[in-house]
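Given chain H, work out where chain C should sit, using these hints.
Spelled out from the first residue to the last, the chains are:
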Amino acid sequence: MTFSLRFRAAVVSIVLLAAFLGIWHLATRPTAAATNMSPEYAKLMGLTATQGKSAMPGPLDVGAKLWEHLRQPFYDNGPNDKGLGIQLGYSIARVGLGYLLAVVVAIPLGFLIGMSPLMSKALDPFIQVLKPISPLAWMPLALYTIKDSSISAIFVIFICSVWPMLLNTAFGVASVRKEWINVARTLEVGTVRRAFTVILPAAAPTILTGMRISIGIAWLVIVAAEMLVGGTGIGYFVWNEWNNLSITNVIIAILMIGIVGMLLDQILARFTRMVTFPE
Amino acid sequence: MSTFDNPFDPNRHLHAGGCSCGRHVSEAEHQAAQLQAQSAIESEQKRYEGVVASAVMRAMFPQDVARRAFLKSVGAATAAAALSQFFPLKTATEAFAQGGPLEKKDLKVGFIPITCATPIIMAAPMGFYAKNGLNVEVIKTAGWAVIRDKTLNKEYDAAHMLSPMPLAITMGAGSNPIPFTMPAVENINGQAITLSIKHKDKRNPKDWKGFKFAVPFDYSMHNYLLRYYLAEHGLDPDTDVQIRAVPPPEMVANLRADNIDGFLGPDPMNQRAVFDGAGFIHILTKDIWEGHPCCAFAASKEFVTTMPNTYGALLKSIIQATAYAHKAENRKEIANAIAPANYLNQPPIVLEQILTGTFADGLGNIVTQPNRVDFDPFPWQSFAVWIMTQMKRWGQVKGDIDYAGIAAQVYLATDATRLMKEAGLTPPTATTKSFSVMGKTFDPAKPEDYLASFKIRKAS
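Protein chains in written order, with the numbering used here: chain H, 56 to 334; chain C, 81 to 540.
In case anyone wonders, no lab produced these hints; they're calculated from the structure.
Quick caveat, the model's predicted, so the values are computed rather than measured.
C-beta atoms are modelled at their ideal positions from N, C-alpha and C, and glycine is treated no differently.
One should not assume that every hint holds.
[Claimed, not checked] Here are some chain C residues pointing at chain H (derived, C-beta under 10 Å): (1) P205; (2) M206; (3) I219; (4) H279; (5) D281; (6) K292; (7) P329; (8) E330; (9) F355; (10) Y423; (11) P427; (12) Q433; (13) F439; (14) A440.
One chain only, chain H, in its complex shape (with noise of 0.2 Å):
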């Protein structure tokens, strides 16, 4: 009898996860407790000097904080204490924007520079340039000139997914096959129906390639543009709770990150095969 890979990949992830939580928990073991500290002093003190405690958390603690999370996700107790979920929330919708702003601007740039020649050289050096500039990089001067940190945020946001998009959008058009594009002009079919009709489903994969790309750029970047402006958001989460040198809530925070991350990623990818042709 013959597992499928699929039960079998399960069984060895299944089994690594719990390796990793058993070592996990053996190394944040506490180690022996103080022994001559007065219990007037002790009361003062935290468990870790008390008790041994680990500074790092092990599994059931964040186990334990994790559940406290989930089972009241969006209260909100004034301006900087509200739920993970309203947090996860605020990230999202800023993402979400600055992305979709960001859609709007480099689709027709892309579409544009890769049908002509002519933009696609004279455009070049200024995507070449701006292209590595690190997003964090612009949050000063964001700050400085739009003078509003949110905006600011999905600013960066914007700034930073527009360039995979951009260069995807642009290969993916000037690379569709020759052929295709002579047969539309043999048929008399007109520049913008061409675009349409032959060159957007042609490109759609690499433009979609392009775009999942950029959506888990944004979700790299929004963490730490939240963490320098503050306010809301999950940056913001983790900054607060780094304050407070809650490491259980910064790993907590990092698993959520992780998830979020991965279904964005999914969301696009599923967009991707739905375009995807057989050639």
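Below, chain C alone, put in the same frame as chain H:
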């Protein structure tokens, strides 16, 4: 001299070094005087009278000695009566207490989550803003530069800042000159030198050669006090040790990870290092300079001028909160009010130890220092002068400095001064006082002489 003290008391000691405020022979006498002063302040009204009268008194007698001689010869009651003859104390007090209609009620005030921001933060949960008709949101902010930018952007109406920051900004040191005002000091004292637990036997600073230290910001009292302390012990802070700017939460983590040997940081991080068993408190900064300023309440000049009544109400809330925080018996309540995640996000026991001054030092002792952190809003311009001497001492600013001019421009005197100006009166000129740092007296009138007296300084 605390703004909340009674200026009409002729028996105040002026230069005795015995107690924490430097005016009493012993700490016990200081406590007794405090109690007396507190029972005297029965109502808000009385307190304003005290603040205004104190400012007027100082205006008339800038010299402590002269004022004392006057009070001694005529008596406090007569002095107050005489004063009100030619200065309408009642009117000025009312003007300060009431103000006009508010231009804006919903305000945003930024803060950095450290205990220095206590009055700004506690005024929200404890209702001091609401009492003055304001709906203030206090917003936790990621760093000093962001606070500055957000205040300039008008996202914040006012903010918590480090007291040397407005000076550095005005002098164009490390940033562009921006017109900021600093109408109130947030807290005095309240910092400490914390060392890694592995150095618990190296209590003599002379053994610290090669140590790596952290301070939160280059333009901070933390940096100047640490450098001063090291230099007084014969270490050149630029060559014998390393001092780096590190955000406060990373100080504790770095201490644990052995990346730094110690830090002069803001609380709660000193106590947090003890709480987590990573470090011990070597010395409180109050033992370096008793009553030194630390953080400040700052607002852009535009806010102050375009919304004077709102600004007045806001400053009044802060002064009320500061007065409340000044009282030892309220400290526990305050610790619990500012501990939640919305504010400092710390275990209440850590904040309680800091604010009440009964704390574990990390070496197994419980220390009692009631004014480990204290609150007094008056922005003494001599503080600014001292800060500028240190900026020059460590090469942050070069050339000739107009010490008194810049101090007067940035460290706005109290709001009482502003309201007196509005009433067409001459505001007080007594905005400087002498103090001593590690036993060395500072004369704000002779900053260059003071500066020249240091052996260890950056060659300029």
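Each hint tested on the structure:
1. For P205 of chain C, the shortest C-beta to C-beta distance to chain H is roughly 9 Å, which falls under 10 Å, so the interface hint holds.
2. Hint status for M206 of chain C relative to chain H: violated, with the closest Cβ pair at about 14 Å, above 10 Å.
3. Because the smallest distance between the Cβ of I219 of chain C and any Cβ of chain H comes to about 5 Å, under 10 Å, the interface hint for this residue holds.
4. Here the hint on H279 of chain C is broken, as its CB sits about 17 Å from the closest CB of chain H, past 10 Å.
5. Restraint check, D281 of chain C versus chain H: the minimum CB separation of about 17 Å is more than 10 Å; hint violated.
6. Of the supplied interface hints, the one on K292 of chain C is violated, with its beta-carbon coming no nearer than about 20 Å to a beta-carbon of chain H, more than 10 Å.
7. For the restraint placing P329 of chain C at the interface with chain H, the shortest Cβ-Cβ distance is roughly 5 Å, inside the 10 Å limit, so the hint holds.
8. Below 10 Å, beta-carbon pairs count as interface contacts, and E330 of chain C has one with chain H at about 8 Å; its hint therefore holds.
9. Against a cut-off of 10 Å between C-beta atoms, the interface hint on F355 of chain C holds, since the closest Cβ of chain H lies about 4 Å away.
10. With 10 Å as the threshold, the beta carbon of Y423 of chain C comes within range of chain H, its nearest partner Cβ sitting at about 7 Å, so the hint holds.
11. For P427 of chain C, the shortest C-beta to C-beta distance to chain H is roughly 7 Å, which falls under 10 Å, so the interface hint holds.
12. With 10 Å as the threshold, the beta carbon of Q433 of chain C comes within range of chain H, its nearest partner Cβ sitting at about 6 Å, so the hint holds.
13. For F439 of chain C, the suggested interface contact is upheld, since its CB lies about 7 Å from the closest CB of chain H, less than 10 Å.
14. With a least beta-carbon distance of about 4 Å to chain H, the hint placing A440 of chain C at the interface is held under the 10 Å criterion.
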